[in-house]
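These are the residues of each chain, in order.
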Amino acid sequence: MSILVDADTTFIVQGITGREAVNLTRECLDYGTGAKVVGGVTPGRLGREVHGVPVFDTVAQAVAHHGSPIDGSVVTVPPAFTKDAVFEAIENGIKIIVIVTERIPRRDVAQMVELANLRGARIIGPNCLGIIVPDVIKMGGIGGPAKDAAKSYKKGSIGVISRSGGMTTEMSSTLSAAGLGISTAVSIGGDAIIGSTYAELMPLFEADEETEGIVIYTEPGGRMEAELARWVTENNSRLPIVAFMAGRFMDEMPGMSFGHAGTIVEGKEDTATEKIARLAEAGITVAEEISEIPEIMKRKLAERSAA
Amino acid sequence: MRFFEYEARAIVKRAGIPVTDYGFTTDAQEAKEIAARIGGSTVIKSQVLSGGRMKAGGVKFADTPEEAEAHARDILQLEINGHMPRGILVDPKAEFEQEYYAGVVWDGTRKQPVMIFSPVGGIDIEQVAEEQPDKVGRRHFSNILPFGDFEAKEVIASTGVTGSALNKLVPILTKLAKLFVENDMTLAEINPLARMADGSFVALDAHMDMENEARGRHKALLKDLGVGDDETREAREPTEFELAGEAVDSQDHRGVAGNVTEFDGNLGLVIGAGGGSLTLFDAVRKYGGDPANYCEIGGNPSVAKAKGLAKLVLTKPGVDKIAVMMSIVSNTRVDIVARGVIAACLELGMDPSEKIAIFRIPGAWEEEGFKILEKYGVEYADRSVSLHEAASRAVAKIQGATA
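Quick note, the sequences are listed as chains A and B, same order.
Counting with our numbering, you get residues 1 to 307 for the letters of the first sequence.
Counting with our numbering, you get residues 308 to 710 for the letters of the second sequence.
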């Protein structure tokens, strides 16, 4: 099992004719059992092909060609056009949207998330590398070319959620080398507002029988970790969680101010020190180094099974 | 991007919210003329992007135009927390009955903006929130539907404000919400919002922050306010080293090699990507290392970019060695970065095996990269060496060299 995607997931790539998107499509097609990339969309490029994937002008055309609803979309179009592309995907019935694009103003992201919520769709990202289920499917650039992704992601029992795309692979590689392996890894993006936070993905991992523990990568800024800590406490999660916090040095850097009203909303929950304390209160261990994560996880798993 | 008070007030005024008859100037003589035009007592306020200007003597009251001129002359020369003022604001000394607060900010957890209103204004809103929570109203609003009058009424009424004050505040809050949304603000705050003797409301001060990513779609507004494209408005001015880093990054569009911050240590860092660089900077410090800089490299930069960045860091005064480290890369080619950093050493007449303390970039094209590094005797590591281990080796090497 896995979360969000599986061997049967169909998806399209919006912006498929861009240089990076062409590579990404190749990587996804080559990985695991071969992703079902059923179409690509670039306005004005109807009739072309990218690695055998037919290109359409609109998402509606891709859906009509496929003949049944399409599950997902990887959106990799310039920031000025991302919101419209995501609205287009949502309004054409797509339920899982991975936004790769960086530098999207948060108002646009918030609008996309609100529409997705109204339509029962889910957004991963923006500014993320997507989702990977080892040996099965990857949706997005996560892990890079198929042969490289295979080195870092071995099948196993740990769910990975990371605000940094690169660190998703670094941590997964460490877990794979230690024999724990990965159930599903999700690169969620590091922006101020994102489609799916740790706490929002936890119920999916909680319901996934294959997942036995969670590893998260986190940074200063925002309230996502506090939200996770609350979720874990309130829901009595069965899953042990190990966190790694980068950017501790940022606590000593002056000049980071959110203004008065910002402080009310963000509280004191956004520094590394505060976050570590809050996670610890919820029973989430914060590892000092990434290499320690597998041992801590093994110990926690043993404690759970003994209890 | 933070706006100066005089700009924030202009934004508020454009949105149709009443402001005082103030004037902005960079000239003391003109301050006198503005004060004469206003008539009566005035306030002279330094225009700096820094807090604590009242304490620093950057805000002074004047009874006559001559006094306003004298204060203006002093304040224009007064440095506050390392910043010289952009100019001064000459404002009528308002005779008000009560101070209120109104602000809009993002709530990242709810993924919506939140309107915050209080009939207790003029001081820190977070303090009010702590001491008199019933006096602070909050209301999240939709990103898709416009902020409605009813929503303004609800948030105002929740703090116990009623009567004509409530009805007069409604359009101010709806205009503030509209301003926040339409200008891609991350903060839009009127504090204090004053109720005058005749019952009308006037914005006496305002704070505005615009999202940097959205600057491109507000060119007209920024042009009207006289904000240049090159004005970063960061906490401190970029150093020459940091500007040189930007120049390296702008060489071509491929990849990122820059985003440099300068420190005064002896270990130069060529590190990446986003999360990897935060991790590695922490790791270097944990093992007692002294970073000369923070930087980011990634997204498959060209050889020229990797070389440019490495040269910049290698020639920074005080740098003995550089450490080239990244988390496992997917789209950045290891061999390209290896070529770039070795070329940098050679072009500077330095021995790569001596100057590069460690090279730890596993991932795409690593075999090719490692071959090049081997040829020049550079110590390298694959993914079996953790980021922290790599950082600790680099620190040990530089400490061995300086001991």
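Don't take each hint at face value.
Listed below are the simulated DSS-like cross-link pairs for lysine-lysine, each with C-alpha atoms no more than 25 Å apart in a straight line [said to hold, decoys possible]: (1) Lys154/A / Lys36/A; (2) Lys151/A / Lys298/A; (3) Lys151/A / Lys485/B; (4) Lys678/B / Lys147/A; (5) Lys460/B / Lys485/B; (6) Lys623/B / Lys593/B.
Bear in mind the hints are in silico, worked out from the structure with no lab data behind them.
For each hint, the structure was consulted:
Of the supplied pair hints, the one linking Lys154/A and Lys36/A holds, its CA atoms being roughly 21 Å apart against a limit of 25 Å. Distance restraint check for Lys151/A and Lys298/A: the Cα-Cα separation of roughly 21 Å lies within the 25 Å cut-off, and the hinted pair is therefore satisfied. Among the hinted pairs, Lys151/A with Lys485/B is inconsistent with the structure: their alpha-carbon atoms are about 50 Å apart, more than 25 Å. About 20 Å separates the Cα atoms of Lys678/B and Lys147/A, which keeps this hinted pair within 25 Å; it holds.
About 15 Å separates the Cα atoms of Lys460/B and Lys485/B, which keeps this hinted pair within 25 Å; it holds. The hinted pair formed by Lys623/B and Lys593/B meets the criterion: a straight-line CA distance of about 23 Å does not exceed 25 Å.
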